[in-house]
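Following the UniProt record's numbering, the residues of the sequence shown are numbered contiguously, the last one being 89.
Keep in mind the hints are simulated off the structure, nothing from the lab. Glycine included, every Cβ here is placed at the ideal spot set by N, Cα and C. A couple of the hints might just be wrong.
DEER-style ranges, computed between Cβ atoms [stated by the list, open to error]:
id: 1; residue 1: E39; residue 2: N70; range: 27 to 37 Å
id: 2; residue 1: V82; residue 2: M26; range: 32 to 42 Å
id: 3; residue 1: F87; residue 2: K60; range: 15 to 25 Å
id: 4; residue 1: N75; residue 2: Q40; range: 44 to 54 Å
id: 5; residue 1: L67; residue 2: D44; range: 27 to 37 Å
id: 6; residue 1: A41; residue 2: I81; range: 52 to 62 Å
id: 7; residue 1: L38; residue 2: N70; range: 27 to 37 Å
id: 8; residue 1: R66; residue 2: L35; range: 16 to 26 Å
id: 9; residue 1: A41; residue 2: Q64; range: 28 to 38 Å
id: 10; residue 1: F52; residue 2: V82; range: 43 to 53 Å
id: 11; residue 1: Q49; residue 2: S74; range: 36 to 46 Å
id: 12; residue 1: A72; residue 2: E39; range: 51 to 61 Å
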Amino acid sequence: MAQTEEETPFEYPAAKSGYQRLANSMCALYCAASLKCLEQANSDKSQCQSQFDAYKACRKREHQLRLERNHAESNEKIRRIVDKLKFWK
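Throw the hints in and build the complete structure from the sequences for me.
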C-alpha cells in the first residue's frame, strides 16, 4: 500500500549519515561508554573524564588511520596514471 505525503515520515539526511558514520566507526563502543557514563552520573561530566579521554584517543587514531589509507590510495592512483602515460610514449 502506498503512503500518502502526510503519512511518509521525513528523514533528516545529515542525521542519518552521521549515525551511519558512528555505527561504522571503530570508536562506537567508546562513544557508547561515554554516553552511558553521562547517563549514570546524571550528566556530571567530571565523573566521565576517563571515558571521554579514551573516546578522544580512539577518534585521533581512527583519523590517523584514515589519513594513511587515503595517502596510500592517492599514491596508487598516481602510480597508475604515470604507468598509463609511460605506455602512450
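I'd like to know which numbered hints this structure contradicts. Please list them from smallest to largest.
3, 12
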